[in-house]
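Chain by chain, the residues:
Number of protein chains: 2
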Amino acid sequence: MAKATEFVKEIADIHEDFPQWYTDVVRKTQLVDYGPVKGTMVMRPYGYAVWENIQKELDARIKATGHENVYLPLLIPYSFLMREAEHVEGFAPEVALVTHVGENELPEKLVVRPTSETVFCDMFSKWVQSYRDLPMLVNQWANVIRWEKTTRPFLRTSEFLWQEGHTLHESREEAEEETIKMLRVYEEFAKNVLAIPMLTGRKSEKEKFAGAQATYSIEAMMLDGKSLQAGTTHYLAQNFSEPFNIRFLDKDGTLKYPYQTSWGVSTRLIGAVIMAHGDERGLKLPPFVAPIQIALIPVAMHKPGVLEKAEELCAALKAAGLRVKLDATDNSPGWKYNEYEMKGVPVRLELGPRDIENGVVTVARRDKAGEKFTLPLEGLADSLGTLLREIHENMYAIALAFRDSHIRTVHTMDELGQAVQSNNFALSMWCGDRACEDKIKETYQATSRNMPFDQSPVGDTCVCCGKKAKHKIYWGRAY
Amino acid sequence: MAKATEFVKEIADIHEDFPQWYTDVVRKTQLVDYGPVKGTMVMRPYGYAVWENIQKELDARIKATGHENVYLPLLIPYSFLMREAEHVEGFAPEVALVTHVGENELPEKLVVRPTSETVFCDMFSKWVQSYRDLPMLVNQWANVIRWEKTTRPFLRTSEFLWQEGHTLHESREEAEEETIKMLRVYEEFAKNVLAIPMLTGRKSEKEKFAGAQATYSIEAMMLDGKSLQAGTTHYLAQNFSEPFNIRFLDKDGTLKYPYQTSWGVSTRLIGAVIMAHGDERGLKLPPFVAPIQIALIPVAMHKPGVLEKAEELCAALKAAGLRVKLDATDNSPGWKYNEYEMKGVPVRLELGPRDIENGVVTVARRDKAGEKFTLPLEGLADSLGTLLREIHENMYAIALAFRDSHIRTVHTMDELGQAVQSNNFALSMWCGDRACEDKIKETYQATSRNMPFDQSPVGDTCVCCGKKAKHKIYWGRAY
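Here the protein sequences come in this chain order: A and B. Position 398 of the first sequence, counting from 1, maps to 398 under the numbering used here, and the rest follow consecutively. Position 284 of the second sequence, counting from 1, maps to 284 under the numbering used here, and the rest follow consecutively.
It cannot be assumed that every hint is accurate.
Because identical chains cannot be distinguished in the list, a pair is counted as satisfied if it fits within a single copy or across any two copies.
[Unchecked claim] Cut-off 25 Å, straight-line C-alpha distance, at most; resulting in silico cross-link-like pairs (DSS-like, lysine-lysine): (1) 206 / 467; (2) 325 / 56; (3) 38 / 126; (4) 149 / 109; (5) 126 / 256; (6) 38 / 109; (7) 63 / 318; (8) 372 / 309; (9) 63 / 325; (10) 181 / 208; (11) 325 / 303; (12) 439 / 206; (13) 126 / 109; (14) 318 / 56; (15) 28 / 126; (16) 472 / 206; (17) 126 / 336; (18) 470 / 206; (19) 318 / 303.
Note that these hints are calculated values from the structure, not bench results. It should be emphasised that the depicted structure is a prediction, and the values quoted were computed from it without experimental measurement.
The shape of chain A in the complex, shown without the other chains (with noise of 0.2 Å):
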């Protein structure tokens, strides 16, 4: 929690430099810092909060859908890597080699893992004989490191926290269906849980996995109109059972090869809430991740016994199981205020005499500036359950609202560049060319995101190349 000694409170205005702006809300609201080493970040006791909140949830979708958590090594033989020809492409330039133990060279040199696909497969093809053993449905939450030119804290950084999904399934259907619906879990995990609408889709042929026949992701829109792309999931078919020798005795009585999955979220989500969430004062943390759900401030808390009545109401919602934080430091109320709406504290009470003697609190909501009321202290653990719930569906409404009004049909280069450079999503038809993404990008610096489920045509043409148009498309500037 910020410390008065090292508390600052300024921030870059958010419409003025937003990655300014970013960059102070994270380090002054005490979620992360940087670490020694360039690239890397430490998340300090509020970030890391945010990520244990999102891993409960998430982690309770993961195993309700029939998966259970697994374990593997960090450090992965380098020839591991080598065996899927487009998986060492991806990742070879930017994987950290341990080649010594202590003054003594490895016969193998080994890679900390960028992904565990390798060392899962390496197991699978031990653990898996017959259909019986099948699907395989495991996932781990370990931490990755991928060598990164620039970085930001959460967003880009060398080593990240994450969750890697693995399943291998008898049939191509079974493990499509699979991609698809990890792919609505964390859909419906995003917008019930961060309150972040995202855009659901495949991505394109230059934009997926190294390794995969087909990638999935969840875009979100951040405040400045960029794209984050929050979670994919992969459909791998054979290609890496194939390499690895994974094999089963079908009912058949012949050897197959099984058709497989992955799929991963990691601690770049936590950008995502802040991103598509904050204003000019901070942080606006939804309830479900907020680390402290409501900062309760004592007014004239040196009049007789209104600390007392803090406590004793601080100790019955925690009780009731909500987040709560009783601030009965020195510094002014009005200096607390500032402090928890900085840190994006969904809900704060103010409890002073006058409170006390109606049977009341005062109530701000961080997501309505400037609204105030009371609530009855009796049942108040109730009525600031439902409020909490409230104040999440507000925050999906304006974040869903935001990105729909930030999204332009386009159907000419000059559309789609005069969209992306005014803060919107282009949505468009696209002949599906490798040629004509690299235009856009080259253009206007904006990447396809993903193709929509629902591919109901806007136009018969691409947007670039004007040839016969074979897929709907979303584009944007992206993190």
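Go by the hints and put chain B onto chain A.
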């Protein structure tokens, strides 16, 4: 979960070959598998679920004592390790070094963390300015790498998972108090969650942590009479705060170095659970960490109504918060009984047509072989909750009686030798000299375990050299 195709029944005789019994049990119950890099392990769903239960229980205790979780980077600049002289000596030979990213050599080689003291200190030097910032009470759940020549799953692996607490305090007294408080937290956790009694006390100078002023441990007795150091807490004094220049402005206006502690337990605890409680039939898991607390086996499964009733019962018990597995596979009930016994499931329920007719279920306890009884279906969740607590108590009592009957108070080297050679701990007086520790190790392969807080003497002279004794201390062979 075990699949029929993979399941092999035979495990070595626990009385004839304990090490082989251990190896068989951890692999055949699918707790663990070997990773592709020598000395690493893969935690399979059944093993990782034990760790998840340990984490959940211990994390609640760490938070209840005022600590917050953080996450620090995996990679540490090599220079950091060099700053504390004993620390580098202790860890330098076994650290994995990252020297390259892709094709490029790094300007400074990086250490894959063997422990995070040095990174915590670097961050603390930025975060702490005033006495108001103290105490600093943080904890991290993470993976660490310490290269090992001889490895065994859970007990000694090149990578392991652990938690490491790191705290800073204004005064020596407060830091020492924290060191003992967390030792007590570990002891209580081991008793009430793992059902393992611990010997708590201070380690000798020889056995303490590299960089600590004093190290304390919890030591458990395994079924072969050997000791397993299951957790440690360290009083670091100012040994790290000085070289890392962590200073705070005290109330008196002067800059001071804070006093520091660290403490940790690891996936080694799972090894302790296995070797403190197993028997000739396999694992025996304490109810509060068992991934499956109750195995529900339908008998005469294909008679009408049996499977339906079993499914209904399973759902009701799960809804009551119990971890139940209904095994409706085609394997025979006898095969299933053996399987869940080997896997150490605390309670087995058998549900057949006659049970259903009588409104009961047949119950077998893993901790009391051969004993069977019935429980009414009505109120079953409650009676099983009570039964699981009883099983926990019984397992603790058995482990305590076993340990206490395997401690010998000794006064001579011969007695010490006889004690440890016949699978006991030896309790003796000791002069405090390293030479005597070395001699005892050389002669009997026994090491000092710890010096209990109750130092009421059992003699006047050192068990080894016969000089005046300073300490009462436990000796044993150890993992």
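Going down the list of hints, with the structure as the test:
1. Taking the shortest Cα distances, residue 206 and residue 467 sit within 25 Å of each other inside one copy (19 Å), while across copies they are farther apart (78 Å).
2. Both within a single protomer and between protomers do residue 325 and residue 56 lie at most 25 Å apart by alpha-carbon distance, with minima of 20 Å and 22 Å respectively.
3. Within a single copy, residue 38 and residue 126 get their C-alpha atoms only as close as 38 Å, which misses the 25 Å cut-off; across copies the closest is 16 Å, which meets it.
4. For the homomeric pair residue 149 and residue 109, the shortest alpha-carbon distances inside one copy (23 Å) and between copies (17 Å) are both at most 25 Å.
5. Taking identical chains as interchangeable, the C-alpha atoms of residue 126 and residue 256 lie at most 25 Å apart only when both belong to the same chain, with a minimum of 15 Å there against 57 Å between chains.
6. When the C-alpha separation of residue 38 and residue 109 is checked against a cutoff of 25 Å, the pair qualifies both within a copy, at 23 Å, and between copies, at 13 Å.
7. Taking the closest pair of Cα atoms, residue 63 and residue 318 come within 25 Å of each other only across two copies (14 Å); inside a single copy the shortest separation is 27 Å, beyond that limit.
8. Proximity of residue 372 and residue 309 under a CA criterion of 25 Å is satisfied intra-copy only: 21 Å inside one chain copy versus 54 Å between copies.
9. In this assembly of identical chains, residue 63 and residue 325 lie within 25 Å of each other by CA distance solely across copies; the values are 14 Å between and 31 Å within a copy.
10. For a Cα distance limit of 25 Å, the shortest separation of residue 181 from residue 208 inside one copy, 18 Å, qualifies, whereas the shortest one across copies, 51 Å, does not.
11. Proximity of residue 325 and residue 303 under a CA criterion of 25 Å is satisfied intra-copy only: 20 Å inside one chain copy versus 57 Å between copies.
12. Proximity of residue 439 to residue 206 under the C-alpha cut-off of 25 Å is restricted to the intra-copy arrangement: shortest distance 13 Å within a copy versus 67 Å between copies.
13. With identical chains, the CA atoms of residue 126 and residue 109 are at most 25 Å apart within one copy only, with a shortest distance of 23 Å there and 35 Å across copies.
14. Both within a single protomer and between protomers do residue 318 and residue 56 lie at most 25 Å apart by alpha-carbon distance, with minima of 18 Å and 19 Å respectively.
15. For a Cα distance limit of 25 Å, the shortest separation of residue 28 from residue 126 across copies, 13 Å, qualifies, whereas the shortest one inside one copy, 49 Å, does not.
16. Only within a single protomer do residue 472 and residue 206 lie at most 25 Å apart by alpha-carbon distance; the minimum there is 16 Å, versus 69 Å between protomers.
17. Taking identical chains as interchangeable, the C-alpha atoms of residue 126 and residue 336 lie at most 25 Å apart only when they sit on different chains, with a minimum of 23 Å there against 57 Å within one chain.
18. With identical chains, the CA atoms of residue 470 and residue 206 are at most 25 Å apart within one copy only, with a shortest distance of 16 Å there and 72 Å across copies.
19. For the homomeric pair residue 318 and residue 303, the shortest alpha-carbon distance inside one copy (24 Å) is at most 25 Å, but the shortest distance between copies (50 Å) is not.
In this structure, none of the earlier numbered hints is contradicted; all agree with it.
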